[in-house]
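Could you build the full structure based on these sequences and the hints that come with them?
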Amino acid sequence: MKVLVPVKRVVDYNVKVRVKADGTGVETANVKMSMNPFDEIAVEEAVRLKEKGVATEIVAISAGPSAAQEQIRTALAMGADRGILVEHDGTLEPLAVAKILKAIVDKEGPALVILGKQAIDDDMNATGQMLAALLGWGQGTFASKVEKDGDNLKVTREVDGGLETVSLKLPAIVTTDLRLNEPRYASLPNIMKARKKPIETVKPGDLGVDVTPRLTVLKVEEPAKRQAGKKVGSVQELVEKLRTEAKVI
Amino acid sequence: MTTTAATDLIFGLTRVVGLPAVSEKAGAPLSAEDIAQIVTEADRFCTEVLQPNALAADRAGAVYANGVVTTPPTYPAAYAKWVEGGWQSLSAPAEYGGQGLPHSLWTAMTELGMAADTSFMLGPMLTAGAIDCLMHYATPDQAARWLPRMVSGEWTGAMCLTEPNAGSDLGVLRTRAEPLPNGKYALHGQKIFITWGEHDCTDNIVYLVLARLPDAPPGSRGISLFVATKVKEDGSRNDLRCGGIEHKLGIHGSPTCVMLFEGAEAEMVGEPNRGLNAMFAMMNNARLGVGTEGVAHGAAALRLAEAYAAQRVQSGRVIAEHPDVARMLMEMRAVTLASRLLALETAICVDRHAAGDTGAQARQALLTPILKAWCTDRGVETASTGVQVHGGMGFIEETGAARILRDARIAPIYEGTNGIQAIDLLVRKVAKDGGAEMRALIEEVKRTPDARLRAAADTLAAATATVIAAQARDADAGQSVAVAYLEAAGWVLGGWMLARAAAEDPAAYGPPADFYLRRLLPRAAGRVAEIEGALAA
Ligand SMILES: Cc1cc2nc3c(=O)[nH]c(=O)nc-3n(C[C@H](O)[C@H](O)[C@H](O)COP(=O)(O)OP(=O)(O)OC[C@H]3O[C@@H](n4cnc5c(N)ncnc54)[C@H](O)[C@@H]3O)c2cc1C
Ligand SMILES: Cc1cc2nc3c(=O)[nH]c(=O)nc-3n(C[C@H](O)[C@H](O)[C@H](O)COP(=O)(O)OP(=O)(O)OC[C@H]3O[C@@H](n4cnc5c(N)ncnc54)[C@H](O)[C@@H]3O)c2cc1C
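Here the protein sequences line up with chains E and A, keeping their order. Residues 1 to 249 (our numbering) make up the first sequence, in order. Residues 1 to 537 (our numbering) make up the second sequence, in order.
Hints were generated in silico from the structure; no laboratory data involved. Please note: incorrect hints may appear among the correct ones.
Once the Cα atoms are required to be at most 20 Å apart in a straight line, the calculated DMTMM-like pairs of lysine to aspartate or glutamate come out as [to be verified]:
id	chain 1	residue 1	chain 2	residue 2
1	E	K32	A	E443
2	E	K16	A	E84
3	E	K197	E	E51
4	E	K16	A	E95
5	E	K193	A	E95
6	E	K193	A	E84
7	E	K193	A	E24
8	E	K32	A	E33
9	A	K81	E	E51
10	A	K81	E	E182
11	E	K196	A	E48
12	E	K16	A	E33
Structural data, given as structure tokens:
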């Protein structure tokens with residue numbers, strides 16, 4: 001079966017994110033960019049499915065600026081077979097990305113799309129669910145385990161109360177949680193082999209998708225600075241302050 | 001996250017030393033994207049797999065008990081990941097399973113690994129040196145038996161040169177090689193200070209050993225090169241063992257072994273009595289590697305110092321904002337960047353030579369002693385400044401700044417002490433051709449638009465004539481100023497590299513270049529003044 005894995009170019013998880021002076025967004029100029037960590041987990045899962053003989057071909061897709069090729073190349077070095085870059089410079093909201101992915105799914109006919117549960121830049125947690133709705137496919141979100149089970153896919157989900165296991169009819173959508181796997185490092189020989197793997201570039205318009213944003217960002221600000229702590233002299237004082245100042249008890 | 005080091009390395013390789021064009025000429029073109037991807041992934045491996053455990057590995061150290069050497073607890077698994085990643089194969093030839101990538105990329109890998117954990121990276125670096133030597137001198141049959149598993153990293157290599165009485169002067173070494181009826185040799189003798197001579201990360205170790213044949217002439221013309229493996233081809237243990245490891249100032253995770261050869265079966269590599277020549281042939285690359293260690297120590301120190309200075313508050317502001325701390329940080333940045341680019345400039349000569357550039361070898365020969373000595377001395381200084389930025393905490397082991405300083409201190413000593421490098425520069429490189437190659441280099445430096453750099457280059461040209469004359473008049477007088485001369489050359493070449501970087505990207509590299517040219521380049525003239533003062537005495 002063919003597996004699609006969308007990979008997003010985001011500010012690297014180690015970078016201390018700064019809000020732009022004009023409050024329109026976060027600073028990305030001269031900032032290290034990487035593949036969204038949840039997407040790395042998605043690529044790893046797809047590669048493992050291929051190693052188990054379940055998946056036959058893995059296509060890595062990124063929607064974003066031309067530099068997002070770097071993230072596709074990383075996916076190729078990890079074991080994806082080919083890449084598709086949907087080149088677009090402006091904002092891409094989850095619905096726009098979901099529509100782009102739907103158009104690619106219609107063309108490619110995969111049995112499975114594995115996405116990260118969310119991207120660490122905007123924490124939307126929406127694209128996978130929207131894609132499932134647009135396609136009318138089943139979805140196993142926040143996956144911590146994925147197994148082929150006959151013609152179905154058994155997905156263990158991390159839910160508030162514990163673990164939930166669902167059985168999905170294929171084709172289906174899976175979104176990854178942190179504990180699904182530990183992504184591999186791209187090995188040097190695989191980096192070199194990946195140079196020969198093809199990356200196709202298309203525009204959202206070529207796919208017939210209108211990506212015009214539907215939301216208006218009013219402002220972006222830094223989280224409030226942490227207040228200095230207070231020392232209390234006794235348990236009584238602590239309880240008193242929790243009651244009157246913090247108002248938590 | 002890509003470190004500043006990786007960003008600089010990608011920029012330096014791509015835009016300062018011109019690797020894309022050189023690789024194209026060599027028939028294996030690498031694009032800027034290829035270079036960026038390889039360096040980025042190498043950086044990721046080093047910062048995520050090696051670096052987090054480096055301080056604990058230093059504290060645990062290598063341990064010797066009952067003839068068994070145990071590396072720090074995290075090393076065997078990290079080494080397995082190193083092998084899995086295929087990084088050892090980077091610049092090795094394809095016929096032995098290598099990726100055949102340029103030496104300048106291996107230099108980048110070396111810096112990143114050494115900055116993450118010097119003790120660990122010494123194993124792969126020694127293996128790379130051994131591969132390099134065997135590629136040139138082993139017969140096809142020998143190469144086929146040893147190289148593939150060294151290139152994959154399944155076996156490591158160790159260099160066994162030094163003996164208790166033979167360090168800088170290898171000509172007096174005593175290890176004997178007795179011919180055996182089967183055409184092989186039995187090695188008898190004691191080697192000391194053997195890096196990664198014994199360890200628990202691989203099943204087998206390939207030893208390159210310098211020894212004497214029974215009928216060998218005395219001195220350096222009577223030394224041959226042999227290879228012994230820890231485990232013989234029939235699976236039995238060879239007659240060699242580790243007699244103990246040293247307790248050292250730094251690189252505690254790297255086992256520095258006394259190796260006892262007690263009739264170990266070995267094969268000769270190359271011609272009889274030509275062992276030192278074989279070693280010298282690869283010495284340039286090995287010295288380039290150690291020079292790069294100096295860069296790495298500066299980089300590691302800077303990384304810690306910047307992070308600390310950004311959060312430590314004294315006198316009402318973070319110390320990074322105090323002018324003197326800002327000065328220290330900028331000095332660390334400028335010197336480290338200059339030495340990093342100088343390492344790449346030296347390494348690209350290896351690649352240019354491989355691509356058929358006839359002048360590249362002489363240039364590498366000239367740059368190598370400067371790189372080895374200047375960069376490793378700067379590495380020690382920068383690591384020391386890094387401790388200083390931390391104030392009292394720099395002296396305390398938990399910050400890691402102290403470890404870097406301790407680790408940095410070996411680099412000016414091994415692979416030819418920096419004093420020996422200076423003599424090599426003066427006698428074998430500069431005086432030998434009457435200063436021709438050095439003058440050609442100085443002419444290149446003088447093509448820079450920066451007047452300060454041109455003036456410093458003129459001063460260096462004059463000093464070159466002075467030291468050549470002094471050397472001809474009185475060899476000891478020449479040698480007594482050799483270090484000052486090497487230092488002067490190093491400060492000028494560092495400025496040259498920064499000026500080139502700033503010309504390519506003024507926004508990113510203008511500030512460190514400007515700082516260097518204003519505040520550090522004058523050290524070149526200071527060293528030249530020292531030479532004149534010394535010779536006038
Ligand atoms: C941690 C560590 C790891 C090492 N790893 C290895 C290894 O893997 N394999 C290996 O074979 N060796 C290894 N060595 C040995 C190392 O290469 C030698 O220590 C080095 O070459 C210096 O030799 P030496 O210690 O005998 O010092 P010496 O040669 O005794 O030098 C002492 C001082 O005298 C100076 N000096 C000596 N001769 C001259 C001269 N002719 N002119 C001017 N000055 C001179 C030197 O510059 C130095 O300052 C290692 C050493 C250490 C400490
Ligand atoms: C082994 C050891 C023994 C010690 N013994 C004693 C002892 O017996 N008694 C005792 O009281 N203390 C002792 N100390 C503390 C020692 O005096 C302090 O560590 C030292 O004064 C530096 O202060 P700090 O560590 O807070 O560094 P910081 O003050 O944080 O300095 C960090 C860096 O910032 C620079 N810096 C700080 N402020 C400025 C400024 N305004 N302008 C420019 N640069 C600035 C410093 O020069 C330094 O490079 C000891 C420390 C050690 C490590």
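How the hints compare with the structure:
1. Distance restraint check for E/K32 and A/E443: the Cα-Cα separation of roughly 38 Å exceeds the 20 Å cut-off, and the hinted pair is therefore not satisfied.
2. Simply put, E/K16 and A/E84 have alpha-carbon atoms about 31 Å apart, too far for the 20 Å limit, and the pair is violated.
3. For the proposed pair E/K197 and E/E51, the alpha carbon gap of about 18 Å is at most 20 Å, so the pair holds.
4. With a CA separation close to 45 Å, the supplied pair E/K16 and A/E95 exceeds the 20 Å bound.
5. Restraint check: the Cα-Cα separation between E/K193 and A/E95 comes to about 16 Å, which is no more than 20 Å; the hinted pair holds.
6. As the CA atoms of E/K193 and A/E84 are separated by approximately 15 Å, the hinted pair is consistent with the 20 Å bound.
7. Distance check on the hinted pair: E/K193 and A/E24 sit about 18 Å apart at the alpha-carbon level, within 20 Å; holds.
8. Under the criterion of a C-alpha separation no larger than 20 Å, the hint pairing E/K32 with A/E33 is consistent with the structure, at around 15 Å.
9. A threshold of 20 Å between alpha carbons decides the hint, and for A/K81 with E/E51 the separation of about 19 Å falls inside it, so the pair holds.
10. Between the alpha carbons of A/K81 and E/E182 the distance comes to roughly 14 Å, so the proposed pair stays at or under 20 Å and holds.
11. Under the criterion of a C-alpha separation no larger than 20 Å, the hint pairing E/K196 with A/E48 is inconsistent with the structure, at around 27 Å.
12. Restraint check: the Cα-Cα separation between E/K16 and A/E33 comes to about 25 Å, which exceeds 20 Å; the hinted pair is violated.
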